[in-house]
Amino acid sequence: MIATLQNGRHGPLALGALLLVAWPLVFSTPYDLRVFTLAGIYALLVLGYQFVFGHAGALALTQGAFFGLGAYVTGILGARYGQGFLVTFPLSIALPVLLAAVVAAPVLRLETHYFALATLGIAQVLLLVCLLAEPLTGGANGIPGVPGVEILGLSLPRGWPLLLFVWAWVIAGAFVAQRITGGLYGKAFQLMRASATAAQCVGIDIARLRLRTFLFSAAYAGAAGALFVHTLRVVSPEALEFHVMVAVLAMTVVGGRTRIAGAIVGAVLLVHLPEWFRFLESYYLIAYGVALLAMIVLAPDGLVGELERRWPQAPETLPTAEPLPPRSKLIPREPLLAVSDLRKRFGGVRAVDGVSLALKRGEIVGLIGPNGSGKTTLINVITGLLQAENGAVRFAGEPLGGLRPDTIARRGLARTFQNLDLVDELTAIDNVAVARAAFEGAGLRQALLAVGRDPTLERARRQARFLLERIGLGEEMGRPCGDLPHGTRRRVEIARALALQPSLLLLDEPAAGLSESEQADLARRVEILRDDGITMLIVEHNMPFLMPLADRLICLNVGRVIANGTPEEVQADPRVIEAYLGRRGEQA
Amino acid sequence: MLQVLVNSLALGSAYALLALGFVLILNAVNAVNFAQGDLVMAGGFVAVAFGMLLPVPGIVLLPLVLVVMALIGRALAAVAYFPLKSRPPVSVFISTIAVGIILQNLANALFGAEPRAAPPLFAGGLVELGGIVVSRQALAIIAVAAVMIAAQYVLFQRTALGRRLRATAQDREMAEALGIRVNHVIAATFAIAAAYAGAAGLLLANTFFVTPTDGGNYILKAYIAVVIGGWGSVPGAVVGALLIALFEVMLPSLPLIVPGLAGLPGASWLFSQTIATILLYLMLLVVLVVRPQGLFGEAVQRRA
Amino acid sequence: MRRFIALAVGFLTLAPVSVVAADASIPVLVPITGFLSLEGTSQRNGALLAIKNAPAGVRVTYDVSDTGVAPETAVNALERAISRGPVTAVVASMLGTQMLAMLPVAQENKVPLVTVSGTASITERNNPYVFRFFPGDAVVKAAHIRYAAEELRARRAALIYQTTAYGQSGRQHLQENAHKAGIEIVFEESIEVAVRDMSPVLGKAKAANPDVLLLHLHAPSTALVIRQAAAMNLRLPIVSGSAMHQPPTAALLEPAELAGVCAETNASPVSGGTPEADRFLEQYRREFNAEPDGFALGQYDGVMMVLEAVAKGASNAAAVTQALSTGSHKGVAMTYRSDGKGNMAHSAVIVCYDGQTRVPRIAKRYDEILAVTR
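Protein chains in written order, with my numbering: chain A, 1 to 588; chain B, 1001 to 1304; chain C, 2001 to 2374.
The following block holds chain A by itself, in its conformation from the complex:
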């Protein structure tokens, strides 16, 4: 905090923290303290929800259920079995995490609204089971007489002690969340949210990352549930009902989905809002709904996001460049890439229909063909994004069949995308740095144990600067990618692929949308990369760009290789001309 005050970049943040501390000092009746304590509990719940909803971008509707489960564990163990906080609290965290781990396998791979409904279903089942299991849960009546926080015979009274205890957990939770999401590991979350495909293709295991966010959410929810019961001294099915989930969702959206300050602002504001509107009596929930709607519509990025937009932060100073550490060379086996009899169909359409090809080390091969001839599908199969029905891909002699995209990427097979797949909010430096996550050992333990700023992030950014300079970027690398021109973004994407230190680079239409001078510049840099020993497969329509670069051209048509040879041979091949002309003829 002192550090942030000194460098002055986080003025609003410091002011907010000051307000937060002042709040309970000014409004300090037992009622105010209770509401502020509840706000702390919800802040913890929202901090947890930000992992899965904010960072992983998955609309999970289980957060209320995990909260209720944590509440019931503390309620049952505390009231029925007289257990103290040191027993109940860890178990209140452990059980929701366990439930999350069990349900994760089937539901985490579902997409958006399916995932939302599946998680909602799980929450509803938990509620109904709790209502039916009367002997254990007290049914709809719940369990009264839950003790307060008791640690080693000391019991914590309500009012200030409980408030400070709860907010101490909020601060601890915020600290852990900051460690996990603020470093290189956190950048990986951002890329995963922006584009799961791109994240996989820079070597990030997104399934594992998603699972972790889900488990973190459950852990925070369980802790919040336990503290909730200690505050209320009663546990009842209302804690499991959907309105808790709605409240958390609203707080997260109103505060900000990924910002720690957002969790606290959202919780403090929305816990107090209905209290402030109480004077409206039976109309106060209408006012609450209107205020909620207004905040969602007027500040869709959350109040903290809105503040950040109004007071943009000064750009960070660029790191110094640092070359990447040498990567252990692959055993030189030829060919580097061998594709044999690959087939992939979508419904009735044979997108790739028996393609075989080979790439020698150090070659630049152009892959051409009319639209819809299967070029991108072929690349997607090679990089593991799609599974082929038949055939094999061998990379440096090793079969790639069945491997995940992130595993393939880590082996040194990198790619770029036809439609740029960058994180607009991140700077060019960070977009490249994130691709070092798999190599710089950015992991959970490392993120938690780091002192001060995450050293792996610092190193990855120095390396990113090195890569970006090599591809010709200057000061603009410190700007968010969304603000950069198209040609520059193309180069950022190539730099990101280079961060994997690939042996083979697949470029999907790299010259598309570039000016002639940019194309010339790109061609020069591609040649430098070849001189550095990187083999390349370039999908391109732009023949003037490709012809002088490529050692060889391969032409696809309706999923088959129709020509393979030197650029001149292929260009003169009647089948190639027919494929392109025939296509043109159809269009005319």
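Please keep in mind that the hints were generated in silico from the structure rather than gathered at the bench.
Careful: at least some of the hints might be erroneous.
Stated by the list, open to error - Computed cross-link-like contacts, EDC-like style, restricted to lysine to aspartate or glutamate with a CA-CA straight-line distance of at most 20 Å: (1) C:K2206 to C:E2257; (2) C:K2341 to C:D2367; (3) B:K1085 to A:D508; (4) A:K360 to A:D508; (5) B:K1085 to A:D301.
Keeping the supplied structure of chain A fixed, place chains B and C upon it in accordance with the hints.
Frame of chain A, contents of chains B and C only:
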């Protein structure tokens, strides 16, 4: 036995109207309208209000309810969809939750919390059909819902408006390029969806009453129906809704159909409506995991 | 609502004319939103009417706050009320889980809670600050079963109850009393509030061949069961929980559908009877443009007992608590006195519908029912 079937069919056809509205908005804007259940509740109360003013049968009130609900749907689009149309779909999910909160509490403030009944569609009472006694209202619900579902089909397949609605649902950019005023079409979709929800509200509010807190239950039914039927599939949503109602009514009735079951230990527990609800959710999870495209295939290509 | 504030203001301006003997502060913390807002609104209306009719010289300040459905909302409302200065007594929510959450806070602050919540366990927690002016489940469920056993000569009962706190705690008392009265429960099932089609549960109940149908459900489910039972031509006497006696429930049903239906309650204000009850009914209709139920009357009597204690010199919460736990009060519905645990109401009535009107008649009155059975 057949009486039970007619009841579940009546419930299912009302759910079908609700799910139909849900899926229309889903297709048009690729977002979940979480206020759809509260629109059913609102339709019920609108019917109750008209019923207090005009002592006429429900079928006469139906056009009035449709018009009022279409206006409410248009307003819903204005406050909860258009300001957020360039945001990710989850924003609309949440803004419609807020609208649901407003609708629910507005109904509570205006009408009070007591359950209300809307007028019956034609007349109440029972009618004998080939030896079995069924309620007139249940038959009327099935008939009206069937007519409305058919009307939706005709509107979408046979009219210029329908072509524009379908074009917008399939590919918004393409529709825009073709000169369709997409915003008008989306507003019309919200109006139609709300009107259908309102019709469901009118149909349900006689036999099953209406209270301000009903919405939450209905939205879950619609959501599940659309997933079971195949995300974005209009006929799938209708079939899904019927299946849900059938399951809800049939599972607890099993001991009546198969008398041997009643004697099993724990039968009263196993064939209770609560267990039926739990099983419905578990089935849903199984459908999602085993066949994520729904039972009838997925109509909308979700954007990656 | 504005009307009541105006009335209260009018009352306050009149008060100085009479001799001001005492001030009382009575926050009204009841659910006026959410699924129990029908009952909560009755509570509020009953309390406000009592405040309006406060004994001469007692000046009352009050403030209505919603408790919604969640326990924490109720506790927040209670803490808020207490934070705003000394409180004489609190009109507290119907909802059992909310009462359970408010009890420790009331005890810490030594404030009496005056409620009509029927949930049994709220008076079983050795908390001297709870006062229940509606007969608890132990009383009304005894009446419920005794009427079925003694008047209807029932031996085989089918029981349908709700999966809520109200339903589950009532079911326990119904079972115990049925066992004592020699009634066999041949069928039982709990249903959620969301269940709309009752034909499966009614079909199964019928198949068990009972001679009475016992209901313990909230108002919407009660009305649905009775309507669908009539449609199925079930031809069984029905004895329902107190939700049936509420006029809005009866308003949902045709008088013919109500034939043969009875319900337990503390009192049925719409049925009239004594001059006091008629006066209450007339004034309630005038003030609120609505029909009162037993909850409103119970809450009216409870607040009136508080106000009379204040008039007699109980100037703070402790004195009111003392007066409530030791005194007795002849209210409109019955005479109230504590059993030592805060149960103030010991009488229940069974009301029945004749199939002609929606106004029930009192079929049987059970006074001191627990003393009789013991």
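Taking 20 Å as the top limit, are the C-alpha atoms of K2341 (chain C) and D2367 (chain C) close enough? holds, 18 Å
Take a quick look at whether K360 (chain A) and D508 (chain A) sit within 20 Å of each other, Cα to Cα. The given pair, whose Cα atoms are some 19 Å apart, holds under the 20 Å limit.
Sort out whether E2257 (chain C) lies within 20 Å of K2206 (chain C), counting only the CA atoms. holds, 17 Å
Hint check: K1085 (chain B) vs D301 (chain A), CA-CA at most 20 Å. Holds or violated? holds, 14 Å
Next pair to validate is K1085 (chain B) with D508 (chain A); report whether the Cα-Cα distance is within 20 Å. violated, 31 Å
When the structure is compared with the earlier hints, a violation turns up for hint 3 alone.
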